[in-house]
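There are 2 protein chains.
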Amino acid sequence: MKKTIIETECGIISAASVVGNQEKKGPLGEFFDLHGTDDRFGQKTWERAEAEMQRLALNTALAKCSMRDTDLSAIFAGDLLNQCIGAAYGLQDFDSPYFGLYGACSTAAEGLVLSALVVSGGMMQRTAAVASSHNCTAERQYRSPLEYGAQRAPTAQWTVTGAGAFVVGAEEESAVRICGVLPGRVVEKGVRDSANMGAAMAPAAADTLLRFFAETGTVPGDIDLIVTGDLGCEGGDILCELMQIEGRDIREIYQDCGMMIYDRESQDVHAGGSGCGCSAAVLASYLLPRIAKGDYGRVLFLGTGAMMSPQSIQQGRCIPAVAHLVCLAPREEQV
Amino acid sequence: MKKTIIETECGIISAASVVGNQEKKGPLGEFFDLHGTDDRFGQKTWERAEAEMQRLALNTALAKCSMRDTDLSAIFAGDLLNQCIGAAYGLQDFDSPYFGLYGACSTAAEGLVLSALVVSGGMMQRTAAVASSHNCTAERQYRSPLEYGAQRAPTAQWTVTGAGAFVVGAEEESAVRICGVLPGRVVEKGVRDSANMGAAMAPAAADTLLRFFAETGTVPGDIDLIVTGDLGCEGGDILCELMQIEGRDIREIYQDCGMMIYDRESQDVHAGGSGCGCSAAVLASYLLPRIAKGDYGRVLFLGTGAMMSPQSIQQGRCIPAVAHLVCLAPREEQV
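Protein chains in written order, with numbering that gives the first Met the number 0: chain A, 0 to 334; chain B, 0 to 334.
Just chain A, same shape as in the assembly (with noise of 0.2 Å):
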């Protein structure tokens, strides 16, 4: 078998996250770093909002390891919306060579391996991944106006209106450090229903974390945290099964960004977040802070997306689904 884990020796040196007001009212609300109370962060449309929260969220991590935009060697950004212009206006002011990501919900973990994949071969010493979605943004794009109202199905999830960003650099001048990545590979098992995101991605989480434990002979038990990105509540479950067929039961370390951003009892979202803003706010804000404390000694952080285009489905396609696997631990940590 072919290995395609691939060690790498640098880290996050800094991290920042923007979100809506849904989700500063969720249980992780006291974390973010900055919030909007309206969605609209002083724009007047829902996709300048959306430009907006992926500059404060770079500009909010620059600050915090008191760096400038020129200190970096590159940004890697994305976000969902057509031709990915959250990305390509809200950043356009960064004095830094820039490289568009499309990876759909899984942008922030491919920022970040790209990122590690440039620091840790010694072509780079300092990059930002940056990635965002806004509620108001995905809905008019892929789904309906909001103003129309839509029933949504049981199985949908709410996009997260939020950005994160991070600033990968040199092991030692990080709090967490990425000791490996594992990009993952085009998946796609037959899923066509674009209202259930989480079961068209779960095969695709499965195939990266099998590939993980089988690459370097670890068991779920030599790992502290498994975090997907956003499989919400029916992805998730769909992954856990699709593990403990093939032995490798992960139930007891594993968790979802998209279910642990929304309080599903009081806040309407159904099967929980997603969007690209779900996982990087979640990591950014939450997540590696606990890692970098030492609440975590070893996780992964899998960001899962989903790659098809509302005319793909119209034209009948199945849903393709990718997940890059970002390894992290505390800088303490001996691995």
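Nothing false has been slipped in among the hints.
Straight-line alpha carbon distances no greater than 20 Å define the calculated SDA-like cross-link-like pairs of lysine to any residue that follow:
(1) A:Lys24 with A:Asp267
(2) B:Lys1 with A:Gln124
(3) B:Lys1 with B:Val218
(4) B:Lys1 with A:Asp68
(5) A:Lys1 with B:Arg67
(6) B:Lys24 with B:Asp37
(7) B:Lys2 with A:Ala169
Part of the chain B face toward chain A, derived, beta carbon under 7 Å:
(8) Thr69
(9) Ala73
(10) Asn81
(11) Gln82
(12) Cys83
(13) Gly99
(14) Gly102
(15) Leu116
(16) Met122
(17) Pro182
(18) Glu187
(19) Pro319
(20) Val321
The following label-pair restraints were derived from C-beta to C-beta distances:
(21) B:Asn20 with A:Asp267: 46 to 56 Å
(22) A:Asp192 with B:Tyr147: 26 to 36 Å
(23) B:Gly216 with A:Asp192: 53 to 63 Å
(24) B:Gly148 with A:Pro309: 22 to 32 Å
(25) A:Arg151 with B:Arg330: 49 to 59 Å
(26) A:Pro144 with B:Tyr147: 23 to 33 Å
(27) B:Asp68 with A:Arg330: 29 to 39 Å
(28) B:Gly315 with A:Pro144: 16 to 26 Å
(29) A:Thr69 with B:Gly315: 22 to 32 Å
(30) B:Glu245 with A:Gly148: 48 to 58 Å
Source of the hints: derived by calculation from the structure; they are not laboratory data.
On a predicted model such as this, the values are computed, not experimentally measured, just so you know.
Ideal Cβ placement from N, Cα and C applies to all residues, glycine included.
Based on the hints, put chain B in the right spot on chain A.
Chain B in isolation, oriented as in the chain A frame:
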């Protein structure tokens, strides 16, 4: 001034192109590997046809160097379609980690830059970069459905139906070296006419080129060929003027893939070709063999991309652009 050029040691092992009917009839027709006569490539929709072109291009590039998908450590791919479904669907059957890119028409160069960085840094052994565009998918997504027969502006360009794929690996196994890369910054100079993308992208190309000359201490006379992706006649003129103002006259060594791929006299393409597939196909099938033969000693390949969306234009925003530079040379050449 901070250095943004990165020296690399790797090369292009193999490349292939697939084009449509209009491109086959153009001046470079004889050089392309595969072509379709009805631009459908056996598929029911234009979007599926575009995805099929990506699949065919990568398959052909791999076949040329007797490699398989499992020999690749990663694929870097993208296109112009919403959510990049050309790449996601076209490449989903390749058993290799997948990084989705959105660099608009700079995607081929973006994929080559990232490939060069991860291979040269020793993080991956071999990667592929793939990009495509299709005239019929682009027209209906960005402008009007073909059936409307909308009139086009004289500055408008013609989106190329084409795809290109490149296999990147060690210098020793390559015919053409990638000796350096210079990733572009987002540049936006107030152009908001989406029927004149050349004008929007020219300042980004100038920004990258000027940094190249300043950082390397070279002058245009040291370079044998500067070739942009798809500035067309409008953008190309603007680039040459911008460079001249800065004391770097490039006119004698300057070409543009968008100007090379069609015969503007006999083919009704207005300001020239454009699209991710334009630079990808011209580089893969016409330029690389000429560089390998030694017709050019040192070539700067500049992928240019305009990162607006129809929605961002409707919302009154200007067009941000990016230009990624790949420095190419024949393998024997001593630089």
